[in-house]
Amino acid sequence: MALRYAAGPSGAGSARHRRALRWDRYNYYLFVFSAAAVGAVVLAILLFVGIRGLAVFRAVSPLTFFFSALWQPPAHLGVGAFIVGTFGVTLLALLLGAPLGVAGAIFLAKVSPPWARSLLRPAIDLLAGIPSVVYGWIGLTIFVPLIRRLPGGQSGFSLLAAGAILGIMILPTVIGIATDALLAVPVALEEGALALGATRWQTIWGVLLPAARPGVLTAVVLGMARAIGETMAVQMVIGNTPRLATSLLAPTTSLTSGIVMDMGNTQFGTPWNDALFMMAFLLLVVSMLLILLVRWVGRRATV
Amino acid sequence: MQTRNWAMGALAAALSLTLVACGGAQPPSDGARVSGKVTAGGSTALLPLIKAAGDEFQDKYPDVTVNASGGGSFTGMKLVAEGSVDIGMSDVELPADLQGKDALVDTKVCLAPFVIITNKDVTVDNLTQEQLTAIFTGKTTNWKELGGKDQPIAIIHRAASSGSRATIKALVLKGQEFTDKASVQDANGSVRTAIAGAPGAIGYVDAAYLDSSVKALKYNGVEYTPENVTSGKYPIFAYEHLYTKGQPTGVVKSFVDYVMSADFQNRNVPKLGFVPLGK
Numbered sequence: 001m002a003l004r005y006a007a008g009p010s011g012a013g014s015a016r017h018r019r020a021l022r023w024d025r026y027n028y029y030l031f032v033f034s035a036a037a038v039g040a041v042v043l044a045i046l047l048f049v050g051i052r053g054l055a056v057f058r059a060v061s062p063l064t065f066f067f068s069a070l071w072q073p074p075a076h077l078g079v080g081a082f083i084v085g086t087f088g089v090t091l092l093a094l095l096l097g098a099p100l101g102v103a104g105a106i107f108l109a110k111v112s113p114p115w116a117r118s119l120l121r122p123a124i125d126l127l128a129g130i131p132s133v134v135y136g137w138i139g140l141t142i143f144v145p146l147i148r149r150l151p152g153g154q155s156g157f158s159l160l161a162a163g164a165i166l167g168i169m170i171l172p173t174v175i176g177i178a179t180d181a182l183l184a185v186p187v188a189l190e191e192g193a194l195a196l197g198a199t200r201w202q203t204i205w206g207v208l209l210p211a212a213r214p215g216v217l218t219a220v221v222l223g224m225a226r227a228i229g230e231t232m233a234v235q236m237v238i239g240n241t242p243r244l245a246t247s248l249l250a251p252t253t254s255l256t257s258g259i260v261m262d263m264g265n266t267q268f269g270t271p272w273n274d275a276l277f278m279m280a281f282l283l284l285v286v287s288m289l290l291i292l293l294v295r296w297v298g299r300r301a302t303v
Numbered sequence: 001m002q003t004r005n006w007a008m009g010a011l012a013a014a015l016s017l018t019l020v021a022c023g024g025a026q027p028p029s030d031g032a033r034v035s036g037k038v039t040a041g042g043s044t045a046l047l048p049l050i051k052a053a054g055d056e057f058q059d060k061y062p063d064v065t066v067n068a069s070g071g072g073s074f075t076g077m078k079l080v081a082e083g084s085v086d087i088g089m090s091d092v093e094l095p096a097d098l099q100g101k102d103a104l105v106d107t108k109v110c111l112a113p114f115v116i117i118t119n120k121d122v123t124v125d126n127l128t129q130e131q132l133t134a135i136f137t138g139k140t141t142n143w144k145e146l147g148g149k150d151q152p153i154a155i156i157h158r159a160a161s162s163g164s165r166a167t168i169k170a171l172v173l174k175g176q177e178f179t180d181k182a183s184v185q186d187a188n189g190s191v192r193t194a195i196a197g198a199p200g201a202i203g204y205v206d207a208a209y210l211d212s213s214v215k216a217l218k219y220n221g222v223e224y225t226p227e228n229v230t231s232g233k234y235p236i237f238a239y240e241h242l243y244t245k246g247q248p249t250g251v252v253k254s255f256v257d258y259v260m261s262a263d264f265q266n267r268n269v270p271k272l273g274f275v276p277l278g279k
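Taken in sequence, the protein lines are chains A and B. The first sequence begins at 1 in the numbering used here and counts up by one. The second sequence begins at 1 in the numbering used here and counts up by one.
Please keep in mind that the hints were generated in silico from the structure rather than gathered at the bench. Since the structure is predicted, the reported quantities are computational estimates derived from the model, not experimental observations. It is possible that some hints are incorrect.
Label pairs and their in silico Cβ distance ranges [what the hints assert, rightly or not]:
| id | chain 1 | residue 1 | chain 2 | residue 2 | range |
| --- | --- | --- | --- | --- | --- |
| 1 | A | Ala128 | B | Ala208 | 36 to 42 angstroms |
| 2 | A | Met288 | B | Gly221 | 53 to 59 angstroms |
| 3 | A | Ala40 | B | Ala96 | 33 to 39 angstroms |
Glycine residues also receive a C-beta, built at the ideal position from the N, C-alpha and C atoms.
Whole structure, please, built from the sequences with the hints as guidance.
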């Protein structure tokens, strides 16, 4: 618009031109403001959660806080069990979900006939759209009673129940991104391998997967980020027992479910409440590290 | 036509006003016109009762608006202390740092009894305070030790910050810590559902949540009934509190009086699973 007025004659055109330029400038400010607002919100959350969280160290030493597994608030605030629980369920989710997800992606990208792909892709997107409370509910009504019946299964609320639910929940993330990565591998590579006499399996394992590795890794890391932050579904099936799990079938707890169990009933500004903020800050830092990891993996892919 | 209708309307309004004024003069207490706004916040356990009171109160006095919202006992006490709401609803006593400072006045509304419940497959019917303490502190771990069948005891209860848990800790465990070898649920309903599904499970819920999916245990030989609570035989209960900043005045006082009136209490308190204060 502005360019056309600039090329036009003077007089009425130049007035319009000035108006257009002013409009341009306003829009520029609007965009800058929007970008700044997003940045400010992120910064404000980080600062607020961080400052509240760090306040807990006035009441308890960082060493006790992070490495003690004894959670008896308000007297003793040790979140070791929560941290171990979060990484435990995440690892379990990755063990169950990542191989399944990558295999599903290979099927979708390279094996599946087109009609199956057009059926499966929306189904997987739907899987991503299911609210986490629904996953939690399914876990509560199917997984928990099943685990209760296993030998050594206690109340059924367990690390395994949470890990299994999370394993399913990360599938859409892993499959979606890994499929795109596999599809982005140049066809020439695949055709070359096949022309050299490689079987389909050899082509997939020896050529396609290594070529798509950064994308597949990104898929797994994003799945991990999804698992670490999940709250509702985990809280419903993990048992929320603030102690280290003695087995896969024992109940334990995680950072997210620990926060949600106590946040409504603890008073703002008390060490107990600050401890919850520190747990939240820890989650924030871990997800930021994961995002940095994804960017690093992505940058290496382009080299 | 138009004007005559209007005149008729005005006449009718004037008539009815006189009627209301006459009617209002007769009952002793609500002679004065009650109007204004009452805000209450806090305990979600007490919320249904205060909501019911608010609805009735608004019907009785059309010029009054009553807003009640949840948020938890501690939120309620904090809000009333800083003056954001007129009434703070709470299941627990004031925490130490709020005591005395803001001249918060406590009105006890009713009793909230707690019931010890187990899964239906548990054969034990009665537990003494000592036995229950041994279970909840982790010393007794099998129903066999209490005369039941050979089955591990699974504790399913509430988070450390829960008012219910604090009540049981004070009244049954006499201040001892719960074992952390227990599953924790975030609400009364989920505790009940979990216990109903898990063999050998034990826990506690607000009496309002007691139903036939679980088994209620006798405590020291006394069964939970509202009568046993009123007569003082059944000791596991807490008070529900309304906190106001200073003595309630004006419309807030009228509202608190309404909640405390025998008529409202008798109709609503038992219905919501609470027990009226002793007579």
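Taking the hints in turn, this is what the structure says about them:
For the pair Ala128(A) and Ala208(B), the supplied restraint of 36 to 42 angstroms holds, since their beta-carbon distance comes to about 38 angstroms. In this structure, Met288(A) and Gly221(B) meet the distance hint of 53 to 59 angstroms, their C-beta atoms being roughly 58 angstroms apart. The beta-carbon spacing between Ala40(A) and Ala96(B), approximately 38 angstroms, falls within the hinted interval of 33 to 39 angstroms.
The structure agrees with every numbered hint stated previously.
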